[in-house]
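So the sequence shown is numbered by our numbering: it starts at 11 and just counts up by one.
Please keep in mind that the hints were generated in silico from the structure rather than gathered at the bench. This one's a predicted model, so the numbers in the text were calculated from it and none came from an experiment. All C-beta atoms, glycine included, are put in the ideal place defined by N, C-alpha and C. Hints should not be assumed to be uniformly reliable.
[To be verified] So the derived label-pair ranges between C-beta atoms look like this: (1) Arg-56 to Lys-203: 45 to 53 angstroms; (2) Gln-52 to Thr-193: 29 to 37 angstroms; (3) Arg-36 to Asp-58: 45 to 53 angstroms; (4) Ser-46 to Leu-187: 25 to 33 angstroms; (5) Ile-215 to Asp-39: 46 to 54 angstroms; (6) Arg-56 to Arg-161: 48 to 56 angstroms; (7) Arg-36 to Leu-162: 34 to 42 angstroms; (8) Ala-48 to Thr-208: 34 to 42 angstroms; (9) Glu-21 to Gly-133: 26 to 34 angstroms; (10) Pro-136 to Arg-79: 43 to 51 angstroms; (11) Ile-215 to Thr-37: 47 to 55 angstroms; (12) Ser-192 to Ala-45: 34 to 42 angstroms.
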Amino acid sequence: MHTKAGIIAAEALVRDGIRSMLSLDRTVDVVGESASFADIPQVRRRGDPDVFVIDASGLRGTGEVHAQRIRALVDMADRPVVLLADDGVQCDTELLRLGACVLERSRVSSADLVSSVRLLAAGYLPVERRLAQQLAHRALEERAGEAAHVRLLTPRERDVFHLLARGRSNMEIAASLTLAHSTVKTHVRGILKKLGLTSRLDVVILVHGPLRRPLPSTGLRHRARGRATA
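Just need the whole structure built from these sequences, with the hints factored in.
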């Protein structure tokens, strides 16, 4: 059974390299490629790839802004994704939920890339051992820090709570959880009331501690107002 792959990379040299690596396996066919992230939907419609290989090294930004842009790319692909990222890129559980396999560009081999594409097409989600250990360690830290107050919330409120803690806006939360905007606002009010908090920023501080610098998310843009407007 052949696997159809789409390639997205800004540099022609990188696209050629990815195509050459995939050509080592005769069961993998490249059905489309582009230099622009904006062309992902077009490549998906024309070639109907089973898997995308996306070089995310051209994305600008740092911290949460960069992470949000990566998540947007993976979401746009609407297919399993092998994400070629710069060394040290933050991998989070949401990328895994969206179906992304993250490989570091400087470490990936032809065998790694081909096997990742084939595993994704077969319904598996390969994760590098180092990234798996990081995620497991981070999950334990988050679980220990959140256990006491999360027990007060309903399962759906917990979903909203975790996204609030990452600085997401109501619109972003609604899109992530497939909820109406009004429903998200109701959940946010309930969360703040149950936890005795007065603002969205308080949720972030509760989970992560006092902030050393402002978060870039639009969800905290109006934190100076003191009370939640949700």
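We went through each hint and held it up to the structure:
1. Checked against the hint of 45 to 53 angstroms, the C-beta distance between Arg-56 and Lys-203 comes to roughly 50 angstroms, which is consistent with it.
2. In this structure the hint that Gln-52 and Thr-193 lie 29 to 37 angstroms apart at CB holds, the actual value being about 33 angstroms.
3. Roughly 20 angstroms separates the CB atoms of Arg-36 and Asp-58, a value that falls outside the hinted 45 to 53 angstroms.
4. About 29 angstroms separates the C-beta atoms of Ser-46 and Leu-187, a value consistent with the hinted range of 25 to 33 angstroms.
5. Here the CB-CB span from Ile-215 to Asp-39 is close to 50 angstroms, well matched to the stated 46 to 54 angstroms.
6. Evaluation of the 48 to 56 angstroms hint for Arg-56 and Arg-161 yields a pass: the beta carbon distance comes to about 49 angstroms.
7. Take Arg-36 and Leu-162: their Cβ atoms lie about 56 angstroms apart, and the range 34 to 42 angstroms is violated.
8. Taking the beta carbon of each, Ala-48 and Thr-208 are about 40 angstroms apart, inside 34 to 42 angstroms as hinted.
9. Separation of Glu-21 from Gly-133 is about 31 angstroms and conforms to the stated range, judged on CB atoms against 26 to 34 angstroms.
10. Look at Pro-136 against Arg-79: about 23 angstroms separates their beta carbons, and that is not inside 43 to 51 angstroms.
11. Checking the proposed 47 to 55 angstroms range against Ile-215 and Thr-37 shows it holds: the Cβ atoms sit about 51 angstroms from each other.
12. Separated by about 41 angstroms at the C-beta atoms, Ser-192 and Ala-45 satisfy the suggested range of 34 to 42 angstroms.
In the structure shown, a violation is registered for the earlier hints numbered 3, 7, 10, in ascending order.
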